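Based on the sequences and whatever the hints tell you, model everything.
As they're listed, the protein sequences go chains X and D.
Under this note's numbering, the first residue of the first sequence is numbered 31, with each subsequent residue one higher.
Under this note's numbering, the first residue of the second sequence is numbered 5, with each subsequent residue one higher.
Simulated from the structure, these hints should not be mistaken for laboratory data.
If a hint is listed, it holds; no wrong ones were tucked in.
Example chain D residues on the side facing chain X (calculated, C-beta under 7 Å, incomplete):
1. Arg24
2. Leu34
3. His37
4. Ser95
This one's a predicted model, so the numbers in the text were calculated from it and none came from an experiment.
In this text, a Cβ means the ideal position worked out from N, Cα and C, and glycines have one as well.
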Amino acid sequence: MAVKKDLSIEFAGIKCLNPFFLSSSPVGNNYDMISKCFEEGWGGVYYKTIDLWKENEISPIFGVPGNAGEPWTAFKNCEHASQNLLEENLEHMRRLKRDYPEHIIFASFMGQTEEDWELLTAYADQAGVDGVEINLSCPHMGRENMGSDAGTNPNLVASFTKAAVKGTKLPVIAKMTPNQTNMTPAAIAAMQNGAAGLSTINTVKSLIDLDYDLYTSQPAMNGKAAISGLSGAAVKPIAMRFVHELASCPELAGTPISGVGGIYTWNDALDFLLLGARNLQVTTSIMEYGYRIVKDMASGIMHFMDEKGFNSLDELIGLATKNIVSPSEFDREYMIRPNFDHDKCVGCGRCYVSCFDGGHQAIKWNDATRRPELDTDHCVGCHLCQKVCPVKDCILPGELVWREGFEPRELKLKTYFE
Amino acid sequence: MSTIIKKSYTDEAVQGYNLRTAREEARRCLICHDAPCSKSCPAGTDPGSFIQSLRFNNVKGAAETIRKNNPFGASCANVCPYDKLCQEACSRCGIDKPIEIGKIQRFLMEQEKAFGMKTIEVPEVKKPGKVACIGAGPASLTVASKLVEAGYEVAVFEAEQKAGGVLSYGIVPARLPQDVVDQDIKLIEDLGVKINLGTKVDSVESLKAKGFDVVFVGSGLGGAKKADIPGNDLDGVWTASDYLKEARVSNGKFNQGNKVIIIGGGDVAMDCAATAKLAGAEKVMIYYRRTVEEAPAYIEEIKFVQSLGVTMTTEFAPKEILADGNKVGFVVFEGRDKESEAKVKADTVVFAIGQEPSDMTALAGFQVDPKGFIVADEETGETGVEGVFAAGDIVNGGKTVVEAVAEGKKAAAAIVEYLEKKEGVK
Chain X
31 MAVKKDLSIE FAGIKCLNPF FLSSSPVGNN YDMISKCFEE GWGGVYYKTI
81 DLWKENEISP IFGVPGNAGE PWTAFKNCEH ASQNLLEENL EHMRRLKRDY
131 PEHIIFASFM GQTEEDWELL TAYADQAGVD GVEINLSCPH MGRENMGSDA
181 GTNPNLVASF TKAAVKGTKL PVIAKMTPNQ TNMTPAAIAA MQNGAAGLST
231 INTVKSLIDL DYDLYTSQPA MNGKAAISGL SGAAVKPIAM RFVHELASCP
281 ELAGTPISGV GGIYTWNDAL DFLLLGARNL QVTTSIMEYG YRIVKDMASG
331 IMHFMDEKGF NSLDELIGLA TKNIVSPSEF DREYMIRPNF DHDKCVGCGR
381 CYVSCFDGGH QAIKWNDATR RPELDTDHCV GCHLCQKVCP VKDCILPGEL
431 VWREGFEPRE LKLKTYFE
Chain D
5 MSTIIKKSYT DEAVQGYNLR TAREEARRCL ICHDAPCSKS CPAGTDPGSF
55 IQSLRFNNVK GAAETIRKNN PFGASCANVC PYDKLCQEAC SRCGIDKPIE
105 IGKIQRFLME QEKAFGMKTI EVPEVKKPGK VACIGAGPAS LTVASKLVEA
155 GYEVAVFEAE QKAGGVLSYG IVPARLPQDV VDQDIKLIED LGVKINLGTK
205 VDSVESLKAK GFDVVFVGSG LGGAKKADIP GNDLDGVWTA SDYLKEARVS
255 NGKFNQGNKV IIIGGGDVAM DCAATAKLAG AEKVMIYYRR TVEEAPAYIE
305 EIKFVQSLGV TMTTEFAPKE ILADGNKVGF VVFEGRDKES EAKVKADTVV
355 FAIGQEPSDM TALAGFQVDP KGFIVADEET GETGVEGVFA AGDIVNGGKT
405 VVEAVAEGKK AAAAIVEYLE KKEGVK
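Structure follows, in structure tokens:
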């Protein structure tokens, strides 16, 4: 029988069927889309951001670095807020809550002044949704005091959050921008002014591959492009960093965090949960593969829970937090040399090339046997060789060497390599 | 039910890559430190380098590498036995399957053509020394190409009406379309190589008398053999070379009847079988006197003709061809076990059992081996006759195109060395 685990979880006081939500974006912009995503297994949606400006959308809207059609390494958009009429969007949300009462809907808004925010969030109550997300983080607004302009300014975050909270009875989640060296002051400002939780990250300001006829980036409108939001696999490590910084910040202890950025697989989803996120948001992978990907996220996590003996997500959320430390706290008393499996080795010599050109010249290449040989005098245990080896389990951690003056003791070491 | 591939005589057998699929394949490449693929190419085409170039998005640079190393880069891409050479050496075989090097090379040569690339440069100032090449096949034109590139004046003499030798006359277009052959030849001609078509050379002396300092003999193999059995002179009995040439010259429109028997087990036999089938024969049967395992044909070629619906019967050798009037009626086969026998109806019989050189001693005072092939130094092509070099099928007895190119490159280097040392060259 297929493994079945309870993936339900409470987030910012709201009971959710599972942590898998659409992030506020083109993937959740009307009744038909969202009803389909609920049928496929998503637990909720952050509805596409609603603002107070009517502006024509650009064309094209998206750009992808590298070859289109191959798995995206990243995805760049310069999309505006929802193009639907306000009343249409409220009606879509009302119908969705009527037809899918157990699924969760957050309405997302963006304003420019305190008055805007108060006015906008009140619509969420009219639509009968479960919560509000305030967009303090879109990186390509082109309007003052909006989007990431606001999100990088703790004073604006404070006043806008306060106004937004005033407009609604519903829990307000503040969506943070990664386009700053330190997100924590803005996050604290939001929480101190009534936010019920934080979402992070919104997209990263970026430029991607230039066009060599137009000499500009993409998406390009009449020969011009802009710095705009990058999402997808490339931003996941950045998102994980920010989730961890919020989850481990003492002033934010207990704050519900929604993790966003580059989630494609159950592993990606699990990474955010283990770092302390209680809710997950996804767009880019849906744009690439469709809503159906949620099935493998759910099933994969259930199998992981089964394998490790977890019965609820609460048991695993934040398990990694204490193991992410400052480099000053590292155990620097030992090193691990690589071990080469000469039977598995196919003789490509990539380890040799990388060790010489990018490491410590610690691998000798045997031309006759086409196999690497370790020079232990030069090896520093960096494991660059293992990172370039194309053969599974060919290069693995080998001999453990204690530095001079240190006694051998029990260590926690990585044993599994994909 | 098996799905049989139905194509016309001139349709290409294999679908090529486009930029996207070629890059995807290049991404599988491990970019080996020692590039065993490159070491396994007889002609030094250097797949390790051109795949790395493609992998790092340098399509034109990749095409340049091929063209610099192999004047028949486009033709080789279609007919090379990759599975026995570079692809067999590919390190990726240790993980799953080799990189499709042949298809990548073919794609890059298509790009070369699409971009109208001119890779090879010829020095403006000529060096002293004139060279004549006899034959316009892969070995001879490789010599011509490399010598022109080195700064020498070269003229090619070809008895046939079209350049390319076996490439233009001896391979089914499904495997090697004529425009691919022409792509290679055009680039060689554009370097300034003058190819005199329909010009048979009677003697090396006559060329030397015209002022050529060096003569290269790359005339290929003349006649193919027929088995010495009763009935081998009936109408409808062909040698492989005549048969393939007829098909190519007529573009597949010639009278061969509906039942065609091909006798032989090499690549030429497979080309004949594919030709027969693609040119419209209903029933095409290969008979080979040994087993598939012993057959010299590459397994991919055997698989290809089988995919066309051609049958292959092994361990049967022809004993006699029975007449129907003055033309072929039946072929009688005898089993290897000396007990089995078969009598098979046929309209056309093609012998693809090897080729013979024409009489080379008439050309110059060469030493020839008992089978009539020119005896020449493997590394240099020197024949023992002063200023006369030879390579390709006429020396090696009939091997692959890539080997002919390899030998041509070596001979060209030896000729350069010879001309540099020789006194009195103007």
